[in-house]
Amino acid sequence: MNAYAVAASVTDPEMPMLTLEDLGVLRDVRESGGKVVVTITPTYSGCPAMATMRDDLVHRLTDAGYAARVEVALSPAWTSDWITEHGRRALREHGLSAPGPAPTRNGPIPLTLLPTARAVTCPRCGSARTDLTSEYGATACKALYRCSECAEPFEHVKEI
Amino acid sequence: MSHSTPDPNEEHGSVYDGLLGTDTSQWAFGTDFEDPLAGVDTTVPDDLDAAELAAYCLALADDALVMSHRLSEWCSNAPDLEEDIALANIALDLLGQARLLLARAAAADASLVPALPDGSPVPVEDALAFFREAIDFRNVRLVEVANGDFAHTVARLLLFATVRLAAFERLAGHRDPVLSAIAAKGVKELTYHRDYAGRWFLTLAQGTEESRRRLLAGLTALWPLYAELARAYDAGPEVDVVLDQVFAVSAVERPEVAPMAGSGHTEALSRMLAEMQVVARAHPRGLW
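Protein sequences appear in the order of chains A and B.
Each residue of the first sequence is one higher than the one before, starting from 1 at the first, in our numbering.
Each residue of the second sequence is one higher than the one before, starting from 1001 at the first, in our numbering.
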């Protein structure tokens, strides 16, 4: 397996249904003469999963026979738009709601005092009758929702 | 009847085997640290003064670090589980901003970093967070005063996130590419923080008589520290637009209280640091 394929198969420690490639945090894999430099980018500034991602990448690449180093890219900042179609399908199959398009802006960012307007459908029953419970969840990247149809609570990956 | 203590090393080995991996140093604060700016080019552009840039990043870092710590004090104490989780998440975002900014400051001006004993594995950002005295912290006083009730925290977060977001939108165009990248990333996080605080501000203001009373008390207590915050971040009219928008829908007037005199810090910071830094300072080599 080439180095890119090994790195791309490493999964996110907090959402293990996604590979780092699905999540869009894998930015670059450079290989030369058995040495590999992988570049990843944090989803959020304080993402505590970065250290585990780095360790998992190094271990998997070492097992595959590469001398690996992991670097960080801060720019451009990660956006939820980088989650692949495959990743979005995996999220839904595991009961999570995938993010809509990230907000684009011209000029100052407007304040939003009403609950964030999103077209969120329940990943369990498909109903569009869903209510936001909280903009923050078990990880920085998720909001909490509840389905009014089947009453199931679920997580929504936020748009950033 | 007596029980003999089972020897943990017998047959199955110690239950603690494996916890440390191959690291035998028993480092107290985690293992295997890595520079949060690993691979990032931290060369200061020629047209910038490295010491000035470092001091500026340090001030931005200290605001985030101290505010993060105050927010984290709510963990397990917030009015309900959702707010507990929300405040912890916001604290985590700010801690991440602080870590990146501290590392950026240290890379631009190594003389800022306190000296530690030889062989200490403490990375530069932790040396700056845990081994400086209160007098060397550059944060504004608004973030350091002790927590009050939830309404006080909401008022503080609204003022802080509004001012910091406006500044970060501007800093995303900074000539230092590292600061610019940290700011561009922070903008996305601060947008959520400001919306969260703005919604709660409105909810508490227009909620019950008691929630309104508490919100106004919190805002009035913090307002003397607002001028210093606005000055530190060069807050322009765009900040007033946002605050006036929240105040208007909440039917709240700007408090008429004078700015707090002086500069530097209140004694609240040394108390906070005493608790935050005690373990690290007791074990500067991280060994026990």
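These are calculated hints, taken from the structure and not from any lab test.
Please note that the accuracy of each hint is not assured.
Among chain B residues calculated to face chain A with C-beta under 10 Å, some are [stated by the list, open to error]:
id: 1; residue: 1037
id: 2; residue: 1039
id: 3; residue: 1043
id: 4; residue: 1044
id: 5; residue: 1064
id: 6; residue: 1069
id: 7; residue: 1073
id: 8; residue: 1083
id: 9; residue: 1165
id: 10; residue: 1166
id: 11; residue: 1192
Calculated Cβ distances over 12 Å to all of chain A for the following chain B residues [as the list claims (entries may be wrong)]:
id: 12; residue: 1100
id: 13; residue: 1114
id: 14; residue: 1120
id: 15; residue: 1135
id: 16; residue: 1147
id: 17; residue: 1184
id: 18; residue: 1195
id: 19; residue: 1197
id: 20; residue: 1199
id: 21; residue: 1253
id: 22; residue: 1255
id: 23; residue: 1256
id: 24; residue: 1275
id: 25; residue: 1277
Here a beta-carbon is modelled for each residue, glycine too, at the ideal position from N, C-alpha and C.
Could you tell me which of the numbered hints above are not met by this structure, giving the numbers in increasing order? As far as the earlier hints go, 3, 4, 6, 7, 12, 17, 18, 19 and 20 are violated by this structure, in ascending order.
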